[in-house]
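Residue strings, one per chain:
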Amino acid sequence: MLLSVRDLQTHLHLKRGVLRAVDGISFDVAEGETLGLVGESGSGKTLTGLSLLRLLPKGSGRIVGGSIKLDGQELTTLSESALARDIRGRKIAMIMQDPMTSLNPVFSIGDQVGSPLRNHDIARGAALRSAVVDVLQRVRLPSPADRLGDYPHQFSGGQRQRIVAAMAIGCTPRLLVADEPTTALDVTIQVQIINLLRTIQADTGAGIILITHDLGVAASLCRRIAVMYAGQIIETGPVRAIYRTPSHPYTKALLAAIPRLGAKRTRLVAIAGQPPSLIDPPSGCRFAARCTQRMDKCAEAPPTVTLSDGHSAACWKLV
Amino acid sequence: MGASMWRGVPWIPLAILAAVGIFAAGGEWLLPFDPNELDLGSAFKPPFWLEGGDFANPLGADNLGRDILSRIMAGSRVSVIVAFYAILFSGGIGAIAGMIAGYFGGWVDTLLMRLIEIQQSVPAIALALILAAALEPGLWTVVVVIVLTYWAWYARIIRGEIMALKNRDYIAFARVAGVGTPTIFVRHLLPNIFNTLVVLATLQVGQVILFEASLSFLGLGIQQPDISWGLMLSDARQYITNAWWAITMPGIAIMLTCLASNIFGDWLRDRLDPQLRQL
Amino acid sequence: MTAMLELADLTKHYRTKHGVVRAVESVSLRVEPRTTMALVGESGCGKTTIAKMILQLEQPTSGAIRFEGQDIATMDRAALRAYRRQVMAVFQDPYSSLNPRLRVGTIIAEPVLAHERKSRAELAKIVAEVLDVVGMPANAARLYPHEFSGGQRQRIAIARALALRPRLMVLDEPVSALDVSIRAQILNLLADIQTEFGLTYLIISHDLALVEHFSSDVAVVYLGSLSEAGPTEQVFATPQHPYTQALLAAVPLPDPDHVLSEAAAMGEIASAMNPPPGCRFHPRCPHAMDICRTTPPVLTGAPHAAACYLPPHALRDAC
Chain A
2 MLLSVRDLQT
12 HLHLKRGVLR
22 AVDGISFDVA
32 EGETLGLVGE
42 SGSGKTLTGL
52 SLLRLLPKGS
62 GRIVGGSIKL
72 DGQELTTLSE
82 SALARDIRGR
92 KIAMIMQDPM
102 TSLNPVFSIG
112 DQVGSPLRNH
122 DIARGAALRS
132 AVVDVLQRVR
142 LPSPADRLGD
152 YPHQFSGGQR
162 QRIVAAMAIG
172 CTPRLLVADE
182 PTTALDVTIQ
192 VQIINLLRTI
202 QADTGAGIIL
212 ITHDLGVAAS
222 LCRRIAVMYA
232 GQIIETGPVR
242 AIYRTPSHPY
252 TKALLAAIPR
262 LGAKRTRLVA
272 IAGQPPSLID
282 PPSGCRFAAR
292 CTQRMDKCAE
302 APPTVTLSDG
312 HSAACWKLV
Chain B
170 MGASMWRGVP
180 WIPLAILAAV
190 GIFAAGGEWL
200 LPFDPNELDL
210 GSAFKPPFWL
220 EGGDFANPLG
230 ADNLGRDILS
240 RIMAGSRVSV
250 IVAFYAILFS
260 GGIGAIAGMI
270 AGYFGGWVDT
280 LLMRLIEIQQ
290 SVPAIALALI
300 LAAALEPGLW
310 TVVVVIVLTY
320 WAWYARIIRG
330 EIMALKNRDY
340 IAFARVAGVG
350 TPTIFVRHLL
360 PNIFNTLVVL
370 ATLQVGQVIL
380 FEASLSFLGL
390 GIQQPDISWG
400 LMLSDARQYI
410 TNAWWAITMP
420 GIAIMLTCLA
430 SNIFGDWLRD
440 RLDPQLRQL
Chain C
774 MTAMLELADL
784 TKHYRTKHGV
794 VRAVESVSLR
804 VEPRTTMALV
814 GESGCGKTTI
824 AKMILQLEQP
834 TSGAIRFEGQ
844 DIATMDRAAL
854 RAYRRQVMAV
864 FQDPYSSLNP
874 RLRVGTIIAE
884 PVLAHERKSR
894 AELAKIVAEV
904 LDVVGMPANA
914 ARLYPHEFSG
924 GQRQRIAIAR
934 ALALRPRLMV
944 LDEPVSALDV
954 SIRAQILNLL
964 ADIQTEFGLT
974 YLIISHDLAL
984 VEHFSSDVAV
994 VYLGSLSEAG
1004 PTEQVFATPQ
1014 HPYTQALLAA
1024 VPLPDPDHVL
1034 SEAAAMGEIA
1044 SAMNPPPGCR
1054 FHPRCPHAMD
1064 ICRTTPPVLT
1074 GAPHAAACYL
1084 PPHALRDAC
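From first to last, the protein sequence lines stand for chains A, B and C.
Per my numbering, residue 2 is the first one in the first sequence, and the count goes up by one each step.
Per my numbering, residue 170 is the first one in the second sequence, and the count goes up by one each step.
Per my numbering, residue 774 is the first one in the third sequence, and the count goes up by one each step.
It cannot be assumed that every hint is accurate.
Claimed, not checked - From the derived model, a few chain C residues whose C-beta atoms are all more than 12 Å from chain A: (1) Arg854; (2) Phe970; (3) Pro1070; (4) Pro1076.
Said to hold, decoys possible - Restraint-style ranges between C-beta atoms, simulated for each label pair: (5) Thr200/A with Gln832/C: 42 to 48 Å; (6) Phe273/B with Ser1034/C: 32 to 38 Å; (7) Thr200/A with Thr1011/C: 29 to 35 Å; (8) Ser1034/C with Pro58/A: 35 to 41 Å; (9) Gly190/B with Met1046/C: 54 to 60 Å.
The hints are simulated quantities; they were obtained by calculation from the structure and are not laboratory data.
Even for Gly, the Cβ is constructed at its ideal location relative to N, Cα and C.
Turn these sequences into a full structure, and let the hints steer you where they fit.
Printed below as a string of structure tokens:
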């Protein structure tokens, strides 16, 4: 297995108390596979991604338990310097949501795309330049050789996201963490970036973790989906199982709550209420307060039930 | 409110500020000695904890044997009056100018920015010299100089805040709903720059006190026999080697007052911000 | 019948240091009472500028905005005041749209205070009523905005817009800042109050699925001009403009078997500073002909209109 995460717990230490942002999640990503981490804001999906690279908010964020193994190597106990040298940008790379803030406006794009290659001693001098041109070609930036000296503001939003992707794949990482890579983009550009991620995966065989709130984007890119709610994975399975036979009431409700293009016009089924506070989360099922099928048993933490090969959900209804 | 209102109050800074305020208001009745009374027998008397000092002059005496504690207490009045009026007028003028320029933009804004640039290219001391020549050196000249120097500082910062604020959707909604411009200023803009004003004002306290000191030192500010901390500093400067306390004690008074007002201002800002209040 | 709102050749040019930005170019549109008109398009297409002109936050360069047949540019003070109390807005960002320093009760009372003299008790009654309409408890009036979640804040913003019982509401991306599970709540609420109060909506959105679900009519905006307009069902079932088709093809559906197509719109949106001559979409259009490069097409057809030289059937065959 390329990446194995077991019982990961990440806490944020805030003035108000300890926020259990990621509370005991486990998942795997195989080589060449795309896993979608789907959830709403505050579900812990972004902090899960940041935990892999230990890029948590300074001072407040801490991994307090569990294990993260990349190619069998434990990352949670790795020293900060080893992590920076061998993992970040090298074996695990990240694509962030906003291409405008992930690029530094005062450096040329040649400089920025080249910097991970330089930092990890992969190429220097003329070889570096040709490597940069090569990687920009792979993200299909038009005439890259002529544009190495250009600055981020000289590119459009879609092109900037391509450049960000080029920075990420320069060192041929084993795992790519893409955090809402298309959210800031228009639909016609979004589809271009989705296809780009597909191409990158086919070319490099990297595993991809796609962090998104958009069930449409997740469906179009992922082979497997893990649905997060209030810091936990409440359902996981192959993409078809999740969309065709969702089993957890939250997943079902989420799919019923979005308007679908081309579907018959019916009243949307809203999910009442809001997610619980993760400073003092309920001890039982965290979705119980909003669930239409709540039972007395839901006051206890639900077991994870395996429904079919690779499809499981944490709900008492399924026991 | 109630008990939570006083949570985390910085008591020590508050006590220092209260003391300065009481000295300034209480005037002569509180003073152990007449601050201008000469007693050449006590000249250069050290503070009580040093050899030769006693509790009659707990912080020692200056070159003319005047009691330093009494002079510091008396001098607080000038500092408080100068700080109060200088901050009130520079903050008030600066805030109004900044709000108008930031909100309306266009030529009003251009005009104000030019004025600020002109103001900032005139050295404050030169301005003080001119004004001291035109007016009479004294407390009010100090206030006028500080106001003329600092209003632009307020205006520039407030203008920036307003330019960000005016794009908030609640301002857009107010305009859509037909709320009048004066109401928008009072209801939406002013409360949202209040914190900034408080912080700027507390930062300015220290600067005002130092500014007054430098003007007084140059003879453009407070004149004898009035007493100010700045004047005490300049008086004692030449005796720094044989009577360090004569310059250090008013220096400490200035430092403590500035520090106390900064800490208190920080607390006040957190207190006034409904979002930070919850944390 | 007079339309609730009519835009006639509405145009907005901004003069900047670098040249003239043609944000909105000759847009004409009719919004009938009690219907929902959606303006859909990608970021920077001018849809928000159109809304701003209707809300009188921007002045048109030329063209007219008529409210129940009366041009708002020629209204006297009293008529304008009457217009302002009948036209309200709900904005995208529920954080920026409520003044953090005011209590919710004051926020909701704001439009009432601007137009009527009311006692405290009367105001409190109005506030309690609209809070009830949007599904919030009456005691919310005493709290500050930061004590509420994004969805609740958006309910407060809707209550404020509703307080004076307006006739037209401009909804500028009303749910796009909210979480998926909350969006349905707000959309259902908006649909309910439309029926209850007989409101006319003008909704601005980039989300096609939402527009299909929520609106009765739709106008597709591309680079400041309308490329297609008509009843929502017709436009979505038989899109006639290649841009509309490209948009629809690019929407990722929450269905793992749906295939996305990026071929329908190559490249990226041009700059409004220097729009392409002829049809503004032609550089991205797979069907572009010679005439498209020189002469801008006119919006023709009723009620379903498109600005394209290709006859509808030809386009259908081409796909």
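Taking the hints in turn, this is what the structure says about them:
1. Arg854: 37 Å, holds
2. Phe970: 18 Å, holds
3. Pro1070: Non-interface label stands for Pro1070/C: nearest chain A Cβ at 20 Å, farther than 12 Å.
4. Pro1076: At about 18 Å from chain A, Pro1076/C clears the 12 Å cut-off, so the statement holds.
5. Thr200/A with Gln832/C: 42 to 48 Å: 47 Å, holds
6. Phe273/B with Ser1034/C: 32 to 38 Å: With a Cβ separation near 49 Å, Phe273/B and Ser1034/C fall outside 32 to 38 Å, so the hint is violated.
7. Thr200/A with Thr1011/C: 29 to 35 Å: Because 32 Å falls inside the window, the suggested range holds.
8. Ser1034/C with Pro58/A: 35 to 41 Å: 40 Å, holds
9. Gly190/B with Met1046/C: 54 to 60 Å: 59 Å, holds
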